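Chains P and R, in that order, give the protein sequences. Here my numbering is used: position 43 in the first sequence is 43, and no number is missing along the way. Here my numbering is used: position 240 in the second sequence is 240, and no number is missing along the way.
In case anyone wonders, no lab produced these hints; they're calculated from the structure. Since this is a predicted model, take the numbers as computed values, not measurements. The beta carbon of each residue, even a glycine, is placed where N, CA and C say it ideally should be. Incorrect hints may have been included.
Said to hold, decoys possible - What the simulated footprint calls covered on chain P by chain R, stretch by stretch (three residues with Cβ under 8 Å from a Cβ of chain R suffice, anywhere in the stretch; the number is not a length):
(1) 37-45
(2) 60-74
As the list claims (entries may be wrong) - Only some residues are given here: those of chain P computed to face chain R with a beta carbon under 10 Å:
(3) Met25
(4) Glu26
(5) Ile29
(6) Asp34
(7) Thr48
(8) Val107
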Amino acid sequence: MPKVTYIEHDGTETTLEAATGDSVMETAIAGGVDRIVAECGGSMMCATCHCYVDDAWIERTGTRSEGEDDMLASAVCEVKPTSRLSCQIAMTPELDGLVVHLPEEQV
Amino acid sequence: MRDMELIEGHRAITPPEGMPVWDVDPFDTAILSDPEPYYAGLRARGPVVYIPRWSVLALGQYETTKAVFSDHENFVSSRGVGLNDFHVGDPWRPPSIILEVDPPDHTRTRRVMSRALSPKVVRTMAGMFAEAAEELVDELVARGRIEAVEDLAERFPITVFPRVVGMRDVDQRILVDYGACVFNSMGPDNALRRAATARNKEIAPWIMAACARERLTEDGIGAMIYADADAGEIGQDEAPLLVRSLLSAGVDTTVTGIGNALYCFAANPGEWDRLRAEPKLVRPAIEEVLRYTSPVHTFGRTAGRDCEIAGYPVEEGTKILCVLGAANLDPDKWGDADTFRIDRRPVGHMGFGAGIHGCVGQNIARGEMEAVLTALARKVARIEFDGDAPWRPNNAIHALDKLPLKLTPA
Chain P
1 MPKVTYIEHD GTETTLEAAT GDSVMETAIA GGVDRIVAEC GGSMMCATCH
51 CYVDDAWIER TGTRSEGEDD MLASAVCEVK PTSRLSCQIA MTPELDGLVV
101 HLPEEQV
Chain R
1 MRDMELIEGH RAITPPEGMP VWDVDPFDTA ILSDPEPYYA GLRARGPVVY
51 IPRWSVLALG QYETTKAVFS DHENFVSSRG VGLNDFHVGD PWRPPSIILE
101 VDPPDHTRTR RVMSRALSPK VVRTMAGMFA EAAEELVDEL VARGRIEAVE
151 DLAERFPITV FPRVVGMRDV DQRILVDYGA CVFNSMGPDN ALRRAATARN
201 KEIAPWIMAA CARERLTEDG IGAMIYADAD AGEIGQDEAP LLVRSLLSAG
251 VDTTVTGIGN ALYCFAANPG EWDRLRAEPK LVRPAIEEVL RYTSPVHTFG
301 RTAGRDCEIA GYPVEEGTKI LCVLGAANLD PDKWGDADTF RIDRRPVGHM
351 GFGAGIHGCV GQNIARGEME AVLTALARKV ARIEFDGDAP WRPNNAIHAL
401 DKLPLKLTPA
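Same shape as in the complex, but just chain R (with noise of 0.2 Å):
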């Protein structure tokens, strides 16, 4: 150990001979702010790629992304999704038991809150989303143009999710900073990681006391996660962690995904003609709007053993970005890729992710984006750009800086 030679926070490798070598910064804030042309560039050099600035692999096309993304095997997760090595070096944070955690322990974990977040228990918010969507549209129709992150995306999540979660303390800004925190930590030693490590420092102690049980109610989904502690199916102190999970996944994520929806019907009238014609058609075009615009871009793993990607070998400790984004809009896989087409059904797109580790909060998301979009199509008959709408770079998500929107009511 003593002599290996470390990159952010991971050994560096030797690339295998004959790969295809990419000197990019995957993380540079012009690509955070319009990754289309790197994910073409990635998927046009091949299957894996190797980028010397970081020293890792890199999977953009459809079928090696999703193949290694889901092969937690030969892929770990435990090792961190991010750049850095827990094996070689100390986590940022205590790492969660959900997403960072490898088989056994993650069957466990993942079984309590997959029960915590399923389509049942979704079914049952139901009606709160549909209420709360149609009250909150009605107000932004009203006042016609709107700064749609905050007003809308943003505000959403936050009105809902704390009452799903039974928190008792809500803090916007807080909320949603603490996602983007947790995300941006995934990339290198860049100023959006340092941005956001001095960012937490702030709010890891409010975010923490949030999710103790005395500050939860005894109806919402927090409960549920510390009643199986009770029963013994994780323990007392795993509990908050995975509480903790639903604040750092849950929040920053649906906003994006609700920002990005509102951003392709503005981009799209046509489809936003049609969703209002075939209100049938909101599922799908979620699943439509997370394929187009990847809220999480990049998410990575780590060679837990020697083994291969797509005929290449790969060393045991190999960093790999799995690059979402990029199988996403995939055309070998896609056809028509680069268009928004809600009746598409993109079924096995990577926006949730895929395998075990598959998004365990996916039911929920679809859910507040169903109730934002239907309520938005039954009141809204045009969505337009009301200025300009910048990208926020972030080291894994795909956000809105600002959408400023003017709201035609129908």
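Here chain P stands alone, though its shape is the one from the complex (with noise of 0.2 Å):
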């Protein structure tokens, strides 16, 4: 299984192993990763998943969707370019490994 580490604003690291398809929002609430709140679910409304990924992964992980764009703007942190939804990033096999960092607050 795939794994994905979550490391928070204060540095906390969390790694978790991801089945595959899940998204990296589902893994972190099933892992109990409370820095993503994801209170719409996945129906990327919401914007309370938000994360960086890590340069490193940047290319693998692809970029964002246009919706995915719009409801960053929603987003209460500093959007940069590495900022994703984390529930618009099913993991693969070849995402094993794959670093996010997390924003300070979700909302």
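These two chains come separately, so use the hints to put the complex back together.
In structure tokens, the structure reads:
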């Protein structure tokens, strides 16, 4: 199962095993990473699962969709070029070892 | 097409071999008034159940319900989310261009709506919501005994939502009834639906007139939608239909959410104490109310092609009831599903649906519920039942008919 590491604003690191096909958001919720809120449950309606993809992974995770761009405009923390909604990144074997950084706040 | 047998405006199906069959009417008023035993029965019979009464399939287990409801490629919305199949009969009203539509058409209208209803836009309304909630709660606390459906659950959205949309015309009864009519129309041809059709004839002209550009102010989300039409993102003829969607989906639903929240706290005073002690729990508390009470209890889909559900073949044209209320109480997903616990954080509940058709107004709904609960938590020490609180049967909505409450000031 592919692994994903979440690095919180204060440096706290959590590494979780993801089921292939589950999103980075779903994996975080199942694993108790509460810096991802995911209020809308993955409908791309809330921008509370904001993450910054680590520079080393940005090529592999792909780019945002247009709708995702619109919703990121509602994120409460700074939106950077590496910003993604973690509900929109599906875990695959190719993403094994993925690192994402979490903003200080989601709501 | 000619020799096809129709039931409730959709093609009758032959149930796949081995699929559990249940002789039940999910739209019976007794079930709509007290749905939990039906939910449990549906889940117990299997992931997918054939219901001969309406020749439909019904889903109540969380995993299957969520999977089908989110799978817009196999299970389409453009053939109606009620029992009528728009491919074989005329819809009861011109279809919604956001609810009853599939990609790519849906993608365009959805984008306009999700921008107009984004968290960023809703944050600008928070001050207005808080002020209105404060004022209303002060008045109700002074009164002490209230009928919370009309006095609070209906009044709050009717106070703030027309301002949000920028409506010049406000009529509490019509706005609440319109939503109820739309949702009742998703059921079979029963007394509820017939009453809704009759009522809709009276109020639809008022609703359409209120959606016209000249009846809207220039600073509301209605005007944002018309501005997107000017920018060419949607057609000029589409803007009033999207404003209509705000009115059909944005009033009665929120009324229900607020009423159901008060019911939950009256029934669980310990959770009310907890919210008062930890006001930050208000957001997860809202999610728990939605999971626990499912304001929208059932929505349909239509199989757009031959496909399968839980290993059973499903033929094109099959109507499928996704029983969100049953999925939200599935113990396989939630554990102690029958317990109302405000710190549960039930991410993935189906209260706002799921997938590309997930409720586009959910941020406003949360904003309104948060304002009301926050004001109440500050000013009200106890919420108690002050008489019977019966549910009001509706083919798609799970709402209270009456909610007499006694409020004890903090």
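* Taking each numbered hint in turn, which are not upheld by the structure, reported in ascending numerical order? -> none
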